Amino acid sequence: MAEKPTIESMTEQVRNIPTLPAVLGELSRRLEDSKTSSEELAQVIQKDQSISSKVLKLVNSPFYGYAGKIHSIQQGIMILGFNAVKNLVLSTSVLEAFKGVKSGDGFKIEDLWVHSAATSAAAKNLAEATKLADPDEAFVTGLLHDIGKVVLWTAEPDFFRTAVTLSMNKHIPFGDLLQHILGFRDEDIGALLAEKWKFPESLREAIRWRERPPSCKEHRGLTAILQSANLLACSMSYHDLPSTPLGAPSGEDWAKLGLSNDTNLRNWINGSEPRMQSAKYFLEMLN
Amino acid sequence: MKISRPLFPPCSAPVPGGLAKPPRPLLVSLRACGVLSPEDPRKQRGGGDGRGEANALSLLAPCPRPVVECLGMFVAISNLEPGAVSRTPVLDSRDQVLLPAGTVLSASMISTLFSRGVALVDIVSSEDAANLEDERGKARLQVVEMFAMSPKTPELQQLQRILLEHLNG
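Those protein sequence lines, which keep their order, are chains A and B.
Using this note's numbering, the letters of the first sequence map in sequence onto residues 9 to 295.
Using this note's numbering, the letters of the second sequence map in sequence onto residues 19 to 187.
Certain hints may be false.
[What the hints assert, rightly or not] For the chain B half of the interface with chain A, some residues (derived, Cβ under 8 Å), not all of them:
| # | residue |
| --- | --- |
| 1 | 119 |
| 2 | 160 |
| 3 | 162 |
| 4 | 176 |
[What the hints assert, rightly or not] Lysine to aspartate or glutamate pairs mimicking DMTMM-like chemistry, simulated, CA-CA at most 20 Å apart:
| # | chain 1 | residue 1 | chain 2 | residue 2 |
| --- | --- | --- | --- | --- |
| 5 | A | 264 | B | 110 |
| 6 | B | 170 | A | 270 |
| 7 | B | 170 | A | 184 |
| 8 | A | 77 | A | 47 |
| 9 | A | 77 | B | 110 |
| 10 | A | 178 | B | 163 |
| 11 | B | 156 | A | 119 |
[Stated by the list, open to error] Here are some chain B residues the structure puts well away from chain A; computed CB gaps all over 10 Å:
| # | residue |
| --- | --- |
| 12 | 101 |
| 13 | 106 |
| 14 | 110 |
| 15 | 125 |
| 16 | 132 |
| 17 | 144 |
| 18 | 146 |
| 19 | 147 |
| 20 | 148 |
| 21 | 173 |
| 22 | 183 |
I should point out that these hints are in silico values taken from the structure, not numbers from a laboratory.
Since this is a predicted model, take the numbers as computed values, not measurements.
Cβ coordinates follow ideal geometry from the N, Cα and C atoms, glycine included.
Given these sequences and hints, build the entire structure.
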C-alpha cells in the first residue's frame, strides 16, 4: 500500500492551503451589525470582482433556480436574503480555492462537485420539509461537505487510489476504511480545513460528524440531513466515488427526519430529483 | 456509478415558472434552455408581432444542444395525447413541481396541468423514450449492485426499494 498519511501530515497540508478571500471576513463582520444595508453588503462583495461574478453566475444557473432573474449582487441580497448570499460567497470562494485540483485515476474532481451540488439540493429540500435546519445552511453544508476528500486527494493521490480500490473490493464505505487504516476519516480532514477557514460552527460540526450524526451534540439535525442527502445523492448516481459502498444512516436519525415513512421518502426523492438533475450545471462554475 | 447522467441532457433543466400563462412557445423553449432571460428587454419589445422571437434568436448564448432540437420537444397542452412522457419536471408559475420527469401522462393529468395554467410540456420523443428505458434499465441494475455491496440495514433496504419503484415509474 502507498505510504499512509498521518493526522500530522494532513494538518500540515491544511496549514499550507491559502486562506479564503478577505471579502468573507468583512462580510461576516458587516452581517453582525443589524444596521448594515443590502447596498453596503453588495459593495463589500463587489470589491472582489471574481467572486461577485461567480456568485451571479451560480445564482442564475438552472441549478440554483433563479435562472436569468438576478442581475446584481444587491438584487440577489434582496431576493435571497443576507445569509443565503453570504453562503453563496462562501461556496464560491471554496470552489475558487480548489480550482487547480486535477482529476486522476480513481478520482474525478468533476464527479465530486456534481455529487456535492446534488447533495446540497437534496439537503435543502429535506431541511425545508423537516424544518430541522435552515435550508440555506443545509445547502451550503451539502456543497462543502467533501472538502476533506479534496485535501486528501491533493496530498496523497497514490494512497487515495489504493483506499478507493480497497473500499470497492472489501465493501467497506470509504470513510470507515480510512478510519480503520489511518485512525481518522476524510471528514476529520474536512473539519480541520473548515476550522482554518473559520466556517460557522454548525458547518464545521456537520462536516466532521456527517457519517456519525449521533456524535454531534449541537447540530444533529443539520448533520443528519447532510448524511441522508449525501446518501441519496450517491444512490441516485451522483456519487463522488463510484462503485464504493454506501454508508448507512442511523435508524434514529432516519426516523427523526421522517424518512422511515415511505411516502415521505418518495416525496423527498421526487422533490429533490429535478434540482439534482441540474447539478451538472454547477460544473460551469468551475470553468 | 452513473445512473441517470446523462439521462436528462442539458436542455432538460427544470422549466422556469413562466409556463403558467400561455407564453410564446419559442421564448419559453429558449428560457428552458437557460439561454434567454425572462426579463430581457428585447423580448419585451417584441410584442405580439413575432419580431420578439427573431430578436430573441439573436440573443442566443452558446447552448449545449442545437436550438432546433431543444424546440422540438415542447408540445402545446391542447395537442398532448395520453401516454406521452414528460422529459423534464413540469413546474407551475412558482416553480413547484407538478409532475416529475419521466411521468406517463394520463388524460386526467393533462386536464390538471391545463387547469393549473401550464401551456407547454416538454415530452420525450419515441427515440428519447427508447433511450430513457435503456438508461432506466442500467440505473436499476446499478442501484441493485450498489446496494448489494452496502450494509444491509432496514434504512438502506427501504431506500433501495423506493428507488427501484421510482425507476420503474
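Next item on the list: Just double-check residue 148/B for me: nearest Cβ-Cβ distance to chain A has to come out over 10 Å.
Entry: holds, 20 Å
Check: Holds or violated: residue 160/B as interface residue toward chain A, Cβ cutoff 8 Å?
Finding: holds, 7 Å
Next item on the list: Hey, is residue 110/B genuinely clear of chain A, shortest beta carbon separation above 10 Å?
Entry: Nearest chain A Cβ is 13 Å from residue 110/B, so the label holds.
Next item on the list: Over 10 Å to the closest beta carbon of chain A is the bar; see if residue 125/B clears it.
Entry: Check passes; 21 Å lies beyond 10 Å.
Item checked: Least C-beta distance between residue 132/B and chain A, which was stated to exceed 10 Å -> holds, 21 Å
Check: Hey, residue 170/B versus residue 184/A, does the alpha-carbon distance stay inside 20 Å?
Finding: OK: residue 170/B and residue 184/A at ~16 Å, within 20 Å.
Notebook entry, point to check: For residue 173/B, which was marked as not at the interface, is the minimum beta-carbon distance to chain A over 10 Å?
Noted result: Residue 173/B not clear of chain A: closest Cβ-Cβ about 5 Å, inside 10 Å.
Margin query: Next pair to validate is residue 77/A with residue 47/A; report whether the Cα-Cα distance is within 20 Å.
Written below: Distance of about 18 Å is within 20 Å: holds.
Note to self: For a C-alpha distance cap of 20 Å, please report whether residue 178/A and residue 163/B respect it.
What the structure shows: holds, 14 Å
Margin query: Hinted pair, alpha-carbon criterion (20 Å max): residue 156/B, residue 119/A. Please report holds or violated.
Written below: Holds - the C-alpha atoms of residue 119/A and residue 156/B are around 19 Å apart, at most 20 Å.
Notebook entry, point to check: Going by Cβ atoms, does residue 144/B stay more than 10 Å from chain A at every point?
Noted result: holds, 21 Å
Margin query: Please check whether the beta-carbon of residue 106/B is more than 10 Å away from every beta-carbon in chain A.
Written below: The assertion about residue 106/B is violated, with a minimum of 8 Å to chain A.
When held up to the earlier numbered hints, the structure conflicts with 3, 5, 13, 21, 22 and fits the remainder.
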